[in-house]
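**Q** All chains should be modelled from the sequences, with the hints used to inform the complete structure.
Now for the letters of each chain:
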Amino acid sequence: MEWITQPWPWYVAGPLIGLTVPALLILGNKTFGISSSLRHMCAACVPAGIPFFTYNWKKEIWNLLFVLGVLIGGFIATNFLANPETIVVSEATQADLTALGITDFTSLLPSDIFSWENLLTGKGLLFFVVGGFLVGFGARYAGGCTSGHAIMGISSLQWPSLLATTFFMIGGFFMTHVLLEPLMKLVGF
Amino acid sequence: MKVAENKANVDSPIKKPYEEKGLQLVKYLIIGIMFGIIFTKGEIISWFRIQEMFRLHSFYMYGVIGSAIVVGVISVQVIKRFGIKSVHGEKINIPDKEFRKGQIIGGFIFGLGWALTGACPGPLFAQIGSGFTVVLVTLLSALAGTWVYGKFANKLPN
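Here the protein sequences line up with chains A and B, keeping their order. Following the working numbering, the residues of the first sequence are numbered contiguously, the last one being 189. Following the working numbering, the residues of the second sequence are numbered contiguously, the last one being 158.
In case anyone wonders, no lab produced these hints; they're calculated from the structure. What you are looking at is a predicted structure, and each value in this text was computed from that prediction instead of being measured. By construction, the Cβ of each residue, glycine as well, lies at the ideal position given by its N, Cα and C atoms. Mixed in with the good hints there might be a few duds.
Stated by the list, open to error - Listed below are the simulated DSS-like cross-link pairs for lysine-lysine, each with C-alpha atoms no more than 25 Å apart in a straight line: (1) A/K59 <-> B/K85; (2) B/K91 <-> B/K27; (3) A/K58 <-> B/K101; (4) B/K16 <-> A/K59; (5) A/K59 <-> B/K91; (6) B/K16 <-> A/K58; (7) A/K59 <-> B/K151; (8) B/K27 <-> A/K58; (9) B/K101 <-> B/K27; (10) B/K91 <-> A/K58; (11) B/K21 <-> A/K59; (12) B/K27 <-> B/K16; (13) A/K58 <-> A/K123; (14) B/K21 <-> B/K101; (15) A/K59 <-> B/K101; (16) B/K21 <-> A/K58.
To be verified - Looking from chain A toward chain B, a few residues come up when the C-beta cut is under 8 Å (computed): (17) L19; (18) A23; (19) L27; (20) L81; (21) P84; (22) V130; (23) G132; (24) A142; (25) M175; (26) L186; (27) G188.
**A** See the structure below:
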């Protein structure tokens, strides 16, 4: 049973994620997509008469249960199946990130960024507030995120999804190689 | 194949989609839990894995996304070729995605956020469950971003 606490290799995690596509299709005729849950939450809580949020979100409760499950899954994996070792980050990435001011390479997320103390600082503004906003705004504008476009969309051979995924990657490369360093300097790293 | 699919939908407009209620919905919670475990055990929720991906320092995330797509493509083809139906006996329906400028502009914006937060929407939920509770703020901000998109959707190039 030792494999279960070890980090799972890509050839285990990837195909299992891929199997979510037929599982949802066969078990309920549902197409896999996660960022839609954010739209349903807006529709349920603050529709504000906006046409984009005026629909019967109750029909989409399955999607909200699904993301609640993802949250619970994260809890179970961390509390009962956790890897006792520290995460292995490639040396080249460690070197790059050390140069940017990251010092903690012990857990899945660096505490240099992801801690409550950073919330009301420039770091929190950049990584939580701005970062989260871009994810939510961009995903909806693109009509889906990594799950809906990169996995579900490409799996059903839809070229607009391939296009969206290409631009997800371009945006990520641009942030990582062009914007991240000046932005991190700006917020005090 | 897509044309035939659309036609089939038009041919049977009377058949209302089966609506699942109550306990029938629990299966989605369970699939979600399994998914959250895979995300976390696969370390896909790690900010470092996303950085490695965008720095081309590790094959890992490319392997994950690539193999997920391969399994997805095969599954969808099998479902279509063999006309596999859902457990409720319905024809499986995959809506077509139409080209919009948002896939380019919104996609790019999403990518910027993905590299910053180290998470797409799925991992955000798993990060919170994993005890990185400050990511709740990221989630709230993602909700705000979704809302602002909805508010101005008709004013944006699309």
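**Q** Sort out which numbered hints this structure fails and list those numbers smallest first.
**A** Hints 3, 9, 13, 14, 15, 21, 26 and 27 contradicted; others consistent.
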